[in-house]
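Build the full structure now, drawing on both the sequences and the hints.
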Amino acid sequence: MRISGLFVYPIKSGAAWAVDAWPLGRFGLEHDREYMVVDEAGRFLTQREAPALALVTARLGQELEVVTPGGSATAPPGRRVPVQVWAHAGEALDCGDEVAGLLTDLLQRPCRLVRVAAEHRRPTTLGGGEVGFADGYPLLLTCVSSLDELNRRMPAPLPMNRFRPNIVIEGTEAYAEDDWVSVELGPVTVDVVKPCDRCSITRVDQATGVRGDGEPLRTLGTFRKAKGGVMFGQNAVHRDLGMLTVGDAVTVVERRS
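In terms of my numbering, the sequence shown opens at residue 227 and continues consecutively.
If a hint is listed, it holds; no wrong ones were tucked in.
Below, a list of computed lysine to any residue pairs in the SDA-like style, where the Cα atoms sit at most 25 Å apart:
1) K420 - L384
2) K451 - Y401
3) K420 - Q310
4) K420 - V472
5) K420 - R347
6) K420 - W312
7) K453 - L443
8) K420 - G455
9) K453 - G440
Cβ-Cβ distance ranges computed for the label pairs, FRET-style:
10) E317 - G397: 36 to 44 Å
11) L352 - G438: 27 to 35 Å
12) G327 - A267: 16 to 24 Å
13) E480 - G397: 12 to 20 Å
None of these hints come from the bench; they were simulated from the model. Glycine is no exception: its CB is placed at the ideal position from the N, C-alpha and C atoms.
Here's what the structure looks like:
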């Protein structure tokens with residue numbers, strides 16, 4: 227088995243960066259979900275409510291540059307503001323009026339961009355890790371063979387980007403990842419904590435920002451339904467810091483009995 231894809235999402239629910247090699251930091255892949263879009267009350271927005279977020283790309287330099295179909299703006303972090311992501315409430319750094327206006331125009335609702343603050347602390351529910359603005363865990367693993375099996379059952383195949391993974395693995399049997407407890411990804415050991423229950427974001431075409439019909443949730447529900455929803459991929463917590471590279475070997479350290 228090997229890593230066949232690495233993906234970073236600098237803005238929560240924004241477009242992915244596909245990278246060949248990338249370091250792991252405290253909250254997962256460096257800069258992953260380091261920024262998020264919030265409404266007027268400081269509550270997080272995602273493609274669940276605003277599918278057009280798929281069209282927001284980020285360019286990392288001395289300052290983050292945010293690009294939408296309507297233009298671009300830099301996002302310098304500034305004043306502290308209260309924010310909420312799921313049950314977590316804390317402070318983040320507001321990124322200014324220019325980028326807020328750009329995102330407000332795109333989403334057709336008042337919103338702002340915020341960045342993780344240096345003192346941010348948000349523990350994962352399981353696994354002993356920490357997470358930035360990701361939904362619940364620092365890493366999401368998926369497997370090529372599992373998508374192949376899903377697509378075999380689908381009316382029309384879908385790309386892996388519908389599931390917005392950080393790490394894609396090839397060379398497994400379909401859904402072999404269900405049995406993993408811990409794996410080595412190149413130099414890094416990762417604990418596989420829980421299956422990922424999928425939401426309506428999987429229905430959003432990541433190239434157009436348009437939400438489709440009930441797929442892939444409808445088909446997943448016929449064979450991947452469990453308590454809490456329909457499952458695809460695995461949430462994971464890294465034990466170590468290090469550099470991950472496409473092509474790195476993946477070795478199962480421990481399996482569920």
